[in-house]
Each structure stands twice: as structure tokens, then as C-alpha cells.
Amino acid sequence: MIPGSFSYHRPASVADAVKLLSDLGEDARPLAGGHSLVPMMKLRLATPAHLVDLHGIAALKGIRRDGNNLVIGAMTTQHDLLASDEVGKSVPILHEAALLIADPQVRYRGTIGGNVANGDPGNDMPALMMTLGVAYRLEGPGGVRDVAAADFYQGAYFTALEPGEILTSVLVPVPAAGHGYAYEKLKRKVGDYATAAAAVVLTMAGGKVATCTIGLTNVHETPLLATDAANAVIGTSLDAATMKKAAEAAEAIMSPAADARGPIEYRKHVGGIMVTRALQRAAARAK
Amino acid sequence: MNDMTPTREQREAVLEGMGCKRKRVEDIRFTQGKGNYVDDVKLPGMLHGDFVRSPHPHARVKKIDDSEALKVPGVLAVITAETLKTVNLAWMPTLAGDVQMVLADGKVLFQNQEVAFVVATDRYAADDGINKVVVEYEPLPPLVDPFKSMDADAPVLREDLAGKTTGAHGPRKHHNHIFEWTVGDKELTDAAFKKAEVTIKEMISYHRTHPSPLETCQCVCSFDKIKGELTIWGTFQAPHVIRTVVSLIAKLPEQKIHVIAPDIGGGFGNKVGAYPGYICAAVASIVTGKPVKWVEDRIENLTATSFARDYHMTTEIAATKEGKVTGLRVHVLADHGAFDACADPSKWPAGFFNIVTGSYDFPTAHLAVDGVYTNKAPGGVAYRCSFRVTEAAYCIERAMDILAQKLNMDPAELRLKNFIKPEQFPYHSALGWEYDSGDYHTAMRKMMETTGYAALRKEQAEKRAAFARGETREIMGLGVSFFTEIVGAGPSKNCDILGIAMFDSCEIRMHPTGAGIARMGTKSQGQGHETTWAQIIATEIGIPADNIQVEEGNTDTAPYGLGTYGSRSTPVAGAAIAMAARKIKAKAQMIAAYKLEVHEDDLEWDIDGFRVKGLPEKFMSMKDICWAAYNAVPPGMEPGLEAVSYYDPPNMTYPFGAYLCVMDIDVDTGVYKVRRFYALDDCGTRINPMIIEGQVHGGLTEAFAIAMGQEIRYDETGNVVTGSFMDFFMPTAVETPHWETDFTVTPSPHHPIGAKGVGESPNVGGVPAFSNAVNDAFSFLGATHIQMPHDYWRNWKAAKDLGAVA
Numbered sequence: 001m002i003p004g005s006f007s008y009h010r011p012a013s014v015a016d017a018v019k020l021l022s023d024l025g026e027d028a029r030p031l032a033g034g035h036s037l038v039p040m041m042k043l044r045l046a047t048p049a050h051l052v053d054l055h056g057i058a059a060l061k062g063i064r065r066d067g068n069n070l071v072i073g074a075m076t077t078q079h080d081l082l083a084s085d086e087v088g089k090s091v092p093i094l095h096e097a098a099l100l101i102a103d104p105q106v107r108y109r110g111t112i113g114g115n116v117a118n119g120d121p122g123n124d125m126p127a128l129m130m131t132l133g134v135a136y137r138l139e140g141p142g143g144v145r146d147v148a149a150a151d152f153y154q155g156a157y158f159t160a161l162e163p164g165e166i167l168t169s170v171l172v173p174v175p176a177a178g179h180g181y182a183y184e185k186l187k188r189k190v191g192d193y194a195t196a197a198a199a200v201v202l203t204m205a206g207g208k209v210a211t212c213t214i215g216l217t218n219v220h221e222t223p224l225l226a227t228d229a230a231n232a233v234i235g236t237s238l239d240a241a242t243m244k245k246a247a248e249a250a251e252a253i254m255s256p257a258a259d260a261r262g263p264i265e266y267r268k269h270v271g272g273i274m275v276t277r278a279l280q281r282a283a284a285r286a287k
Numbered sequence: 001m002n003d004m005t006p007t008r009e010q011r012e013a014v015l016e017g018m019g020c021k022r023k024r025v026e027d028i029r030f031t032q033g034k035g036n037y038v039d040d041v042k043l044p045g046m047l048h049g050d051f052v053r054s055p056h057p058h059a060r061v062k063k064i065d066d067s068e069a070l071k072v073p074g075v076l077a078v079i080t081a082e083t084l085k086t087v088n089l090a091w092m093p094t095l096a097g098d099v100q101m102v103l104a105d106g107k108v109l110f111q112n113q114e115v116a117f118v119v120a121t122d123r124y125a126a127d128d129g130i131n132k133v134v135v136e137y138e139p140l141p142p143l144v145d146p147f148k149s150m151d152a153d154a155p156v157l158r159e160d161l162a163g164k165t166t167g168a169h170g171p172r173k174h175h176n177h178i179f180e181w182t183v184g185d186k187e188l189t190d191a192a193f194k195k196a197e198v199t200i201k202e203m204i205s206y207h208r209t210h211p212s213p214l215e216t217c218q219c220v221c222s223f224d225k226i227k228g229e230l231t232i233w234g235t236f237q238a239p240h241v242i243r244t245v246v247s248l249i250a251k252l253p254e255q256k257i258h259v260i261a262p263d264i265g266g267g268f269g270n271k272v273g274a275y276p277g278y279i280c281a282a283v284a285s286i287v288t289g290k291p292v293k294w295v296e297d298r299i300e301n302l303t304a305t306s307f308a309r310d311y312h313m314t315t316e317i318a319a320t321k322e323g324k325v326t327g328l329r330v331h332v333l334a335d336h337g338a339f340d341a342c343a344d345p346s347k348w349p350a351g352f353f354n355i356v357t358g359s360y361d362f363p364t365a366h367l368a369v370d371g372v373y374t375n376k377a378p379g380g381v382a383y384r385c386s387f388r389v390t391e392a393a394y395c396i397e398r399a400m401d402i403l404a405q406k407l408n409m410d411p412a413e414l415r416l417k418n419f420i421k422p423e424q425f426p427y428h429s430a431l432g433w434e435y436d437s438g439d440y441h442t443a444m445r446k447m448m449e450t451t452g453y454a455a456l457r458k459e460q461a462e463k464r465a466a467f468a469r470g471e472t473r474e475i476m477g478l479g480v481s482f483f484t485e486i487v488g489a490g491p492s493k494n495c496d497i498l499g500i501a502m503f504d505s506c507e508i509r510m511h512p513t514g515a516g517i518a519r520m521g522t523k524s525q526g527q528g529h530e531t532t533w534a535q536i537i538a539t540e541i542g543i544p545a546d547n548i549q550v551e552e553g554n555t556d557t558a559p560y561g562l563g564t565y566g567s568r569s570t571p572v573a574g575a576a577i578a579m580a581a582r583k584i585k586a587k588a589q590m591i592a593a594y595k596l597e598v599h600e601d602d603l604e605w606d607i608d609g610f611r612v613k614g615l616p617e618k619f620m621s622m623k624d625i626c627w628a629a630y631n632a633v634p635p636g637m638e639p640g641l642e643a644v645s646y647y648d649p650p651n652m653t654y655p656f657g658a659y660l661c662v663m664d665i666d667v668d669t670g671v672y673k674v675r676r677f678y679a680l681d682d683c684g685t686r687i688n689p690m691i692i693e694g695q696v697h698g699g700l701t702e703a704f705a706i707a708m709g710q711e712i713r714y715d716e717t718g719n720v721v722t723g724s725f726m727d728f729f730m731p732t733a734v735e736t737p738h739w740e741t742d743f744t745v746t747p748s749p750h751h752p753i754g755a756k757g758v759g760e761s762p763n764v765g766g767v768p769a770f771s772n773a774v775n776d777a778f779s780f781l782g783a784t785h786i787q788m789p790h791d792y793w794r795n796w797k798a799a800k801d802l803g804a805v806a
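In the order they appear, the protein sequences are chains A and B.
Under the UniProt record's numbering, residues 1 to 287 are what the first sequence spells out, in order.
Under the UniProt record's numbering, residues 1 to 806 are what the second sequence spells out, in order.
Hints listed in this document are in silico derivations from the structure and should not be mistaken for laboratory results.
The reader is advised that the hints may include incorrect statements.
[Claimed, not checked] Restricting the straight-line Cα-Cα distance to at most 27 Å, the calculated cross-link-like pairs of lysine-lysine (DSS-like) are:
hint : chain 1 : residue 1 : chain 2 : residue 2
1    : B       : K164      : B       : K347
2    : B       : K458      : B       : K186
3    : B       : K290      : A       : K244
4    : B       : K164      : A       : K244
5    : B       : K613      : A       : K189
6    : A       : K42       : B       : K256
7    : B       : K186      : B       : K463
8    : B       : K463      : A       : K42
9    : B       : K458      : A       : K189
10   : A       : K189      : B       : K673
11   : B       : K673      : B       : K148
12   : B       : K800      : A       : K187
13   : B       : K290      : A       : K245
14   : A       : K244      : B       : K583
15   : B       : K148      : A       : K187
16   : B       : K21       : B       : K42
17   : B       : K673      : B       : K618
18   : B       : K493      : B       : K446
19   : B       : K71       : A       : K42
20   : B       : K800      : B       : K463
21   : B       : K132      : B       : K458
22   : B       : K290      : A       : K187
23   : A       : K244      : B       : K463
24   : A       : K245      : B       : K797
25   : B       : K595      : B       : K613
26   : B       : K71       : B       : K347
27   : B       : K406      : B       : K324
28   : A       : K42       : A       : K89
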């Protein structure tokens with residue numbers, strides 16, 4: 001568990017970082033909190049010749065309100081998210097999910113940008129970002145562009161990032177006032193990836209579900225939006241038959257790997273349960 | 001006497017002797033990051049070694065090409081079996097009478113086996129070198145399932161044993177067979193089963209797991225060519241034995257070998273035996289003339305150094321209709337991996353597994369253990385356990401629950417009915433042990449009363465009815481466990497390691513000012529010896545524990561001892577400490593008599609000194625006696641005040657305990673919650689109640705881990721799939737349940753202070769409590785025995801198999 005040798009770079013601006021990554025090419029990797037990349041380097045599963053550390057770029061840190069969006073800098077740590085009253089007030093599901101990520105030590109280092117940009121299907125934030133309808137701001141040699149989280153993930157560790165591009169912030173549309181939300185995560189222990197997890201954001205009107213989105217973590221090689229499951233509950237009062245239908249619709253799009261967390265059948269089964277439990281909790285919270 | 005004279009209570013309190021919750025003195029440095037571990041040892045010019053390991057579980061090694069590795073800047077040498085053959089060290093003896101490859105000699109027998117040792121100027125260069133060593137393998141069919149190891153067409157694993165029909169422990173039946181060990185009266189036992197009114201039979205597996213101490217195995221070896229001396233700093237639970245073994249296999253005179261075990265970050269049995277890293281680092285130091293450090297990483301520790309358990313126990317009990325046990329028959333298939341590197345006393349191929357009759361009065365029993373080779377990492381160490389006692393306790397405690405279920409009896413009642421009675425001690429078990437003492441009924445009843453056992457059973461019945469009515473998806477289990485341990489290896493009449501009797505030792509040297517230093521043959525890895533050993537001395541000779549420096553682990557200064565494992569330190573070294581202290585006290589009494597001008601017999605001991613009987617003002621404190629011992633001894637007496645004791649215990653000690661686990665399981669997800677865990681331990685005389693409580697907490701946490709998910713698992717092709725803490729369950733404080741501890745005190749009749757050892761009890765008793773809770777939860781749905789580990793998905797699968805989940 002000793003990494004190979006690499007050169008270390010610490011640019012002070014996004015432009016410098018983009019230039020470095022463009023010039024150094026495929027042998028260079030940006031370094032955020034390092035909780036995915038560094039362990040892979042220690043196992044020599046990743047052997048970048050250059051590490052471009054983004055910690056020197058002040059502009060990448062911070063949380064601000066911009067109209068109906070909450071703009072979160074990529075280098076904002078999970079701890080920063082949890083410490084933000086603004087996040088707690090306007091997008092409380094981010095607090096609920098961040099608290100389920102690893103432990104305080106990891107949350108002091110781990111960043112929102114690293115979490116969503118790495119394309120690790122085990123990470124919690126990507127499915128949440130899809131559920132919230134977030135856009136990622138990417139900056140590269142070709143300029144700035146925004147990509148919807150829902151269009152960003154192409155496969156395990158494969159994303160829409162082009163060579164030389166850095167994810168610089170996430171733009172979170174603030175959900176409607178009185179929305180209900182829940183992130184249900186089954187994990188074996190603190191620090192573990194989800195056996196299965198589901199994010200739900202919904203609004204209720206007259207005792208019935210008015211709007212609903214559902215995201216799924218670690219039950220496929222990418223995070224998923226469970227659109228059929230969400231559609232199945234809209235207009236209902238979440239009766240038992242609807243819940244069953246929603247769980248089945250969600251399970252239908254899951255294709256988890258068998259691993260120490262359990263066989264495929266189990267991971268799908270509990271994936272369905274996470275969906276129903278998240279729906280129940282979210283509905284109970286909605287005003 | 002004036003007002004300043006301390007009271008008796010004050011004089012006793014200042015000693016901080018036995019029974020005191022003295023704070024751990026070692027924690028002052030540990031909590032400030034000032035411990036001194038092997039990896040803190042940094043010597044001038046020190047080199048670093050690391051291993052090329054096999055990706056294959058079974059393969060022939062065709063060629064090792066180190067030419068590119070030697071071109072890596074900083075890489076100085078690549079050591080292979082061929083190098084080691086020049087010093088006759090390609091293979092090494094194991095503690096179990098087998099031999100083990102140090103580096104792959106012609107073939108590899110398990111994944112991550114050591115193939116070559118790269119020596120470099122720093123750890124990074126060593127790892128760069130590893131990646132440049134090219135090894136050509138010819139894969140061979142792997143043998144993973146121990147139940148197939150003795151099939152006629154099973155692959156031959158140990159070609160070095162070809163034609164050897166006898167091993168270290170008798171005849172071998174098959175090319176993958178290591179030994180068969182039988183104990184007990186087969187005829188009588190078979191007869192008991194023939195006429196039994198009720199019998200049960202179940203194959204109870206105790207899966208492979210790993211001690212996984214926080215600090216992995218490591219060493220620094222430094223060979224001084226001029227003096228011809230080898231110094232080894234290592235994570236050794238038994239430093240003296242390591243010195244002797246090194247002397248024997250490296251053919252170095254024992255006085256030229258200095259073994260130092262500094263602070264150790266947990267052992268749990270992982271650090272008893274010798275590993276290839278030690279041999280390679282020593283050879284590398286001899287070859288290069290420089291100190292060489294070897295430090296395992298976590299993957300290496302989990303996948304290559306000694307595992308624990310992997311016992312598959314076919315268990316039968318014969319009983320009457322009323323639930324009186326009449327016979328026990330157990331057959332064990334023991335998976336030892338590629339080499340039998342089990343760390344047991346040499347004459348005991350299955351350790352003390354014949355304690356499997358447990359706490360019950362079995363009139364007859366028979367046990368047979370077959371050890372076999374597979375393509376897995378070698379070992380079979382006692383993970384927080386006294387030599388296979390955990391396996392034995394799990395086997396009998398699970399089987400007693402199965403019998404209770406068959407008889408439709410409460411498991412606690414069944415145990416009470418069959419316990420060895422207090423008046424039967426010393427009790428001779430059907431499988432050959434003499435239990436020194438016990439009062440099982442009192443302990444069990446105290447557990448039942450304190451936990452409200454009857455009310456919990458009532459609640460369980462109500463929950464089961466509610467489950468049947470579809471009102472809840474949660475089931476409730478009560479896990480009863482009553483264990484008897486056997487610790488304190490051991491009496492020289494039946495315990496040795498490679499011929500060295502398993503005594504232990506203590507040397508106490510008092511200084512003129514009433515302080516002293518004490519050294520033992522044991523080695524603390526977290527047990528708190530620096531604290532507790534001084535407490536024994538404080539009570540025995542009346543010198544405050546704070547004034548006694550305790551030192552262990554340096555073979556040049558400490559007296560020879562067999563080390564710390566198998567809960568043997570208090571039963572053996574603890575006795576030696578008391579005996580050495582009593583020698584000090586005897587001499588002190590002569591000095592006091594001389595100074596107080598009376599006959600020795602006219603003196604009586606009074607907390608911290610001697611008093612003339614009937615003349616309370618004539619008193620000499622131990623502190624003053626220490627001064628006199630160096631400056632004013634009686635004519636004809638040698639000055640000084642020191643003593644050594646080597647203690648060969650007359651018997652083992654037999655701690656016991658009654659545990660209860662209350663667990664709730666959500667059948668839909670398999671998620672469990674340990675609602676309550678109560679542990680009553682009887683370890684005889686209690687030296688430091690706080691340290692005992694800490695030991696119980698730690699042992700229960702490991703028991704929880706093992707029962708509920710911690711395993712070393714191989715896939716069907718021999719790949720080890722649990723090589724990191726991502727998959728090997730290591731609970732954090734968040735997952736760990738709350739522990740309620742309690743005790744009774746039944747002193748050991750043969751131990752000088754009546755103490756028994758406790759470090760491993762909670763692991764021994766804890767695992768069956770958790771597993772019985774899970775099994776008890778599912779029993780009303782028709783389950784008889786569900787194999788460990790009981791992680792979430794397996795609980796769900798059990799529910800599904802029983803029809804409780806669609």
C-alpha cells in the first residue's frame with residue numbers, strides 16, 4: 001500500500017489548474033479531498049504521474065445563494081456543508097446525506113466536488129444531485145459549461161468530464177418550500193458504501209403526492225434516477241399497493257454487483273425497501 | 001502517634017494494590033502519542049524490505065526475474081528462496097511441528113504468499129522494486145473447500161511431504177491430511193448414544209477470521225558483523241521464545257541474539273508465531289550489514305499472517321427426555337491452510353479443544369479432530385482465545401441450545417440442569433481436564449435475575465404472536481451463553497512450546513529508597529501489565545504501586561518467560577510475581593526482626609511493614625527495610641533486596657461466565673440491533689476491576705465483530721476477498737453495542753493470589769451469546785442452526801429460507 005512516485009502541483013487559480021491538466025494530459029489527475037484517489041494510488045490501481053492539488057484555489061470553496069440556486073464550490077468539504085445554516089434551511093437533504101458519509105475525520109477532508117466528479121457509484125452525493133436536478137459547472141480549456149447531474153454519469157468512474165476540465169461548482173436549485181425529503185441508506189458500518197440507498201424529494205397537495213423525484217445510490221454502475229417509481233407515486237396517497245409498485249419499479253432498474261454486502265437479489269430487495277422508507281419519511285415531513 | 005499518622009485506610013489507599021481501580025500508567029504515554037512501537041525504531045543507514053506476493057492460490061513458480069527490479073534507484077537486493085537456501089533458511093519450522101516456506105520454493109500454496117523480498121533504501125523504492133520483479137507462474141488447480149481436501153482426486157498441495165505417512169502428531173491418512181487427534185472413550189460414548197432417549201446432531205461451523213491488531217506485524221533486524229550479534233525489535237507476544245527459535249534455526253549463539261519487543265499495538269494471537277518477514281529481514285541484515293525494517297500493510301496482515309478458527313464441528317449430544325445430558329460426540333474438520341502454523345502448546349494439535357464438554361457434567365464424551373491442508377493462508381492462532389477454547393465454547397453452547405429447542409425446554413433451564421455442581425470441584429471432565437473451581441449455578445441465576453430473564457422471555461412470546469398476526473416485522477432473540485475457559489498454559493507436565501516448558505517468571509529488585517523495578521517474561525500488548533503487575537507487588541510487600549517500575553519485552557534484561565497469549569499472564573506470571581514478592585518479604589522480615597531486636601516469629605505483617613506482635617508502636621516500614629537491606633543487614637546476611645521466581649503452575653485456571661444477548665432483527669432487511677448485552681465474568685480474585693472491565697469490553701467487541709460479520713473469505717477459485725477493512729468487518733464505536741458487566745468471585749484454589757485470567761473470556765463467551773440470540777430469534781420460524789457470521793444479508797436470507805420474507 002505504497003503509491004508510486006508522482007509530481008505534485010498546487011495551482012492558485014482555476015485557469016492555472018486547467019492549463020496544468022491540459023498540458024500534462026492523461027497522466028495528470030486533479031486532487032480534491034483525496035479519499036477516493038489516494039487509496040487507489042496506494043494500491044497502485046491509479047498511478048498518475050502528476051497530482052494537481054486544488055486546495056490552493058480559494059475560489060473553489062464556499063456556499064452562496066444565487067437567485068433560486070445554491071452554488072456550492074467544488075472544494076467545499078462535507079463538514080462545511082454540515083456547518084452551513086443556509087444548506088440546512090434550504091436543502092436539508094444535503095445535511096441528512098452528508099451525515100451518512102463516512103465519519104467526521106473523512107468529512108473534514110472529503111469535498112462535494114470530489115464526491116460527485118469521481119464517478120464512483122458508491123458515493124452518496126451523485127444520486128442526490130440527480131434527485132435535486134443539480135447542474136455541474138465544468139471549466140476547461142474550451143471554456144465554461146454546465147452539465148446536468150442526470151447527464152454526467154456514463155459508467156463506473158466514467159463521466160462527461162473532458163480532458164483538462166475541472167468541476168468547479170454545483171448549482172443546486174432550492175426545492176419548493178414545504179417539500180418533503182429523505183435519504184435512506186443501508187450500510188454495514190460507519191464508513192461503508194451503501195448496500196443500497198434512496199433519495200426522495202417530493203411535495204404533497206391535499207394528502208396526495210404532487211411532485212416526486214427518486215435517486216438511487218450504489219445499485220448500478222452509475223447513480224440512477226428512478227423515474228418510473230417516482231411517476232408511480234405521483235397523485236397517490238402512498239397507499240400500500242402504490243408503495244409496492246414504486247419499490248418494484250425501482251428494483252427493475254437496479255443492477256448491483258454481488259459483493260460482501262450481499263448477493264444481487266438482496267441488494268435489489270433492500271434497494272426497494274429504501275425507496276419505500278424514504279417515500280414514507282419524506283411524505284411525513286412535507287408540509 | 002500524632003494526628004499526622006495516616007489511618008489504616010489511608011495506608012492501604014496509597015499502595016493502590018489489588019482490588020484498586022488504578023488508572024493505567026501506560027496510558028500517559030499512549031494518549032499523548034509518546035508510545036514507542038517497532039515502526040518508531042529508526043536506525044542510521046536502515047534499509048526497508050517488502051514482499052513480492054503471489055497472485056495465485058496454487059501455482060508452480062517457473063522463474064523469478066529480478067533484473068529490472070535491481071535497476072530501480074534505491075533497490076539493493078532481491079532475496080528469493082534460492083538466496084535463503086545458501087543459509088539453509090528457505091523453510092522454517094512452525095510451532096505446530098510442521099515446516100513452512102519462508103519464500104516460495106518451487107510453488108506457491110496460497111494467494112499473497114511471500115515469493116521474493118526486495119530490500120531498498122526506503123519503503124517507496126522497495127515497493128517500486130516489487131512491481132518490477134517478474135515472476136512466471138504455472139497455475140495449478142486450487143483446493144479451497146476443506147471438505148474436499150481428502151477426496152481421492154484432490155490436488156497434492158504439499159509436495160515436500162510426499163511419502164510421509166506420519167506427521168508431527170501421528171499418522172496421515174491422505175496427502176492433504178495433517179493429523180488426527182482423538183480424546184475420550186469412544187466405546188462408552190457410542191454406547192451412550194445407542195441407548196439415548198433423545199439425540200441431536202448438527203454441523204456447526206466457526207468460520208475463518210483474523211485477529212487484525214491495530215498495529216500489523218513488523219520488525220527491525222540489525223546484525224553487527226564485528227560482534228556477531230543480531231538485535232531484533234519486533235511485535236512479539238513471546239520475545240524469549242522468538243530468541244530461542246532464532247538461535248535454533250539461524251544457528252546463532254543465544255547470548256548473541258537480543259530480542260526487544262517495545263510497545264505493541266494489540267496482538268490477539270497474531271503476534272505469537274514467526275513469520276517470513278522476520279527471517280527475511282534478519283537474513284537481509286546479515287547480507288547487507290545494515291539494519292533492515294519490515295512493516296506489513298493491512299492487506300498483508302489480513303491475508304498472509306495467521307488467521308484464526310476455521311473449524312467445522314459435527315456435534316452430537318445424547319440426553320434423557322428430561323434433558324439430562326448423557327454423552328457428547330464431536331468430529332472437527334480443521335482447515336489449517338497451506339502449512340500447519342497453529343500456535344498451540346506443541347503436544348496439542350487442536351489446542352485445548354477438549355474443553356468442549358463445557359460447563360456440563362457429561363458422563364462420557366469422544367472427540368476427533370482431523371487437520372487438513374487447503375490453498376489458504378497458514379495459521380490457526382488463538383484469536384483472543386486460549387488455544388481453540390473459543391471454538392469449543394461455541395460448539396457446546398450452540399449445541400446446548402439446539403438440544404433445548406428439541407426438548408422444548410428453556411436453554412437457561414437446560415444449562416442449570418446439567419451444570420457441574422459446586423461440590424463436584426475439583427472436577428474431572430470426560431475429556432481429561434481437572435476443573436479447579438467453579439460455582440456455575442450462582443453465576444447463572446445472578447444473570448437471570450439481573451436481566452429479568454423471565455420477563456424477557458414473556459416479551460419474546462408476545463412479539464412472536466404479534467409477528468404471526470402480521471403486526472410487526474421484527475423478531476426478538478435471547479442469546480444465553482455459559483462458558484468455562486481453560487487458561488494459564490501451562491503445567492510443564494503437559495504444556496511446552498518446542499520443548500520449552502510453559503512456566504513464567506518475575507524478577508523484583510528493590511532499591512534503597514523503597515522503590516523498585518520488576519521484570520517479567522510476559523509482554524503486554526494492551527493488557528495493562530505495567531499497571532496491574534505493580535498492584536500485585538504493592539499488596540504483597542507494602543510498597544506503593546507508583547514506586548514499582550514494570551518492564552517487559554527485552555530478553556537481555558527480563559527473566560525468561562513464555563509470553564502473553566491464551567490469558568496466561570495472570571495465571572502464570574501473576575503467580576510468579578506474588579512468589580517473588582513473597583521471597584522479598586521473607587528477607588525483609590529477617591531484616592526487620594534484626595532492626596526491631598525481636599525474633600522473626602514475633603513479627604506480624606501490617607499493610608506496609610512489620611509490627612511486633614503486642615507492641616504496636618514497634619513497627620518498621622517496608623520503605624525503611626529497603627534502606628536497611630543495603631546499609632544495615634544482620635551479620636552474615638548478604639546485602640540487597642531482590643528475588644526471582646519461576647512459576648510452573650500445578651494446574652490451569654478455569655474462569656467462567658454467564659452472558660445474555662437481547663437482539664431484535666428486522667426480517668425484511670436482516671438488520672439487527674443488540675438491544676442489551678449482559679456479561680457476568682468470574683475470573684477469581686480481581687486485581688484491577690477497571691482493567692477487567694476494559695478487557696471485557698474489548699473482548700465482547702471482538703466477539704460481536706466475529707459473530708456478526710467478521711470473516712476471512714475465499715471465493716471458489718482461491719482468491720481472498722476480504723483483504724481490507726472495507727470488507728473485513730471491524731466495528732467502530734458506532735456499531736458497538738453497550739456492554740453491561742457484572743461478576744462473581746470464585747478464587748482459584750491453587751493460584752497464589754486466587755486469580756484466573758480474564759482477557760479472553762468475553763470473546764469465548766460472547767460469540768455464542770450473539771449467535772444463540774440470532775438462532776433463538778429465528779427458532780420459532782423453524783430454524784435449528786444458522787451458520788455464522790450473522791451479517792445483514794445472511795439474516796435476510798435466513799428469513800427468506802424460512803418463508804418469513806417473500
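Right, here's what the structure says about each hint:
1. Annotation: proposed proximity of K164 of chain B to K347 of chain B holds, straight-line Cα distance about 20 Å (limit 27 Å).
2. A threshold of 27 Å between alpha carbons decides the hint, and for K458 of chain B with K186 of chain B the separation of about 41 Å lies outside it, so the pair is violated.
3. Taking the CA atoms of K290 of chain B and K244 of chain A, the gap is near 69 Å; set against the 27 Å cutoff, the hint is violated.
4. About 63 Å separates the Cα atoms of K164 of chain B and K244 of chain A, which puts this hinted pair outside 27 Å; it is violated.
5. For a cut-off of 27 Å, the pair hint linking K613 of chain B to K189 of chain A is broken: about 64 Å separates their Cα positions.
6. At most 27 Å may separate the alpha-carbon atoms for a hinted pair to count; K42 of chain A and K256 of chain B exceed this at roughly 39 Å.
7. Between the alpha carbons of K186 of chain B and K463 of chain B the distance comes to roughly 44 Å, so the proposed pair goes past 27 Å and is violated.
8. The suggested pairing of K463 of chain B with K42 of chain A is violated, with an alpha-carbon distance near 49 Å, which exceeds 27 Å.
9. For the proposed pair K458 of chain B and K189 of chain A, the alpha carbon gap of about 32 Å is over 27 Å, so the pair is violated.
10. The straight-line distance between the Cα atoms of K189 of chain A and K673 of chain B is roughly 13 Å, inside the 27 Å bound, and the hint therefore holds.
11. Under the criterion of a C-alpha separation no larger than 27 Å, the hint pairing K673 of chain B with K148 of chain B is inconsistent with the structure, at around 37 Å.
12. For the hint pairing K800 of chain B with K187 of chain A, the CA-to-CA distance comes to about 20 Å; that is within 27 Å, so the pair holds.
13. Straight-line distance between C-alpha atoms of K290 of chain B and K245 of chain A comes to about 70 Å, which puts the hinted pair past the 27 Å bound.
14. Taken as a hint, the K244 of chain A and K583 of chain B pair is broken in the structure, with Cα atoms around 78 Å apart against an allowance of 27 Å.
15. Restraint check for K148 of chain B and K187 of chain A: not satisfied, since their Cα atoms lie roughly 35 Å apart, outside the 27 Å limit.
16. Our distance criterion of 27 Å between C-alpha atoms is broken by K21 of chain B and K42 of chain B, whose separation comes to about 36 Å.
17. The straight-line distance between the Cα atoms of K673 of chain B and K618 of chain B is roughly 63 Å, outside the 27 Å bound, and the hint therefore fails.
18. For the hint pairing K493 of chain B with K446 of chain B, the CA-to-CA distance comes to about 37 Å; that exceeds 27 Å, so the pair is violated.
19. A hinted pair counts as satisfied when its Cα atoms are at most 27 Å apart, and K71 of chain B with K42 of chain A qualifies at roughly 22 Å.
20. A C-alpha spacing of about 19 Å is found between K800 of chain B and K463 of chain B, which places the hinted pair at or below 27 Å, so the restraint holds.
21. A distance of roughly 66 Å separates the Cα atoms of K132 of chain B and K458 of chain B; the hinted pair therefore is violated under the 27 Å criterion.
22. Between K290 of chain B and K187 of chain A, the direct Cα distance comes to roughly 48 Å. Violation of the 27 Å bound is thereby established for this hinted pair.
23. Pair hint K244 of chain A plus K463 of chain B holds up; C-alpha atoms about 25 Å apart against a cutoff of 27 Å.
24. At most 27 Å may separate the alpha-carbon atoms for a hinted pair to count; K245 of chain A and K797 of chain B meet this at roughly 23 Å.
25. About 15 Å separates the Cα atoms of K595 of chain B and K613 of chain B, which keeps this hinted pair within 27 Å; it holds.
26. Between K71 of chain B and K347 of chain B the alpha-carbon distance is near 48 Å, which puts this suggested pair outside the 27 Å criterion.
27. At most 27 Å may separate the alpha-carbon atoms for a hinted pair to count; K406 of chain B and K324 of chain B meet this at roughly 13 Å.
28. Restraint check for K42 of chain A and K89 of chain A: not satisfied, since their Cα atoms lie roughly 39 Å apart, outside the 27 Å limit.
Hint check: violations occur at hints 2, 3, 4, 5, 6, 7, 8, 9, 11, 13, 14, 15, 16, 17, 18, 21, 22, 26, 28; the rest are consistent with the structure.
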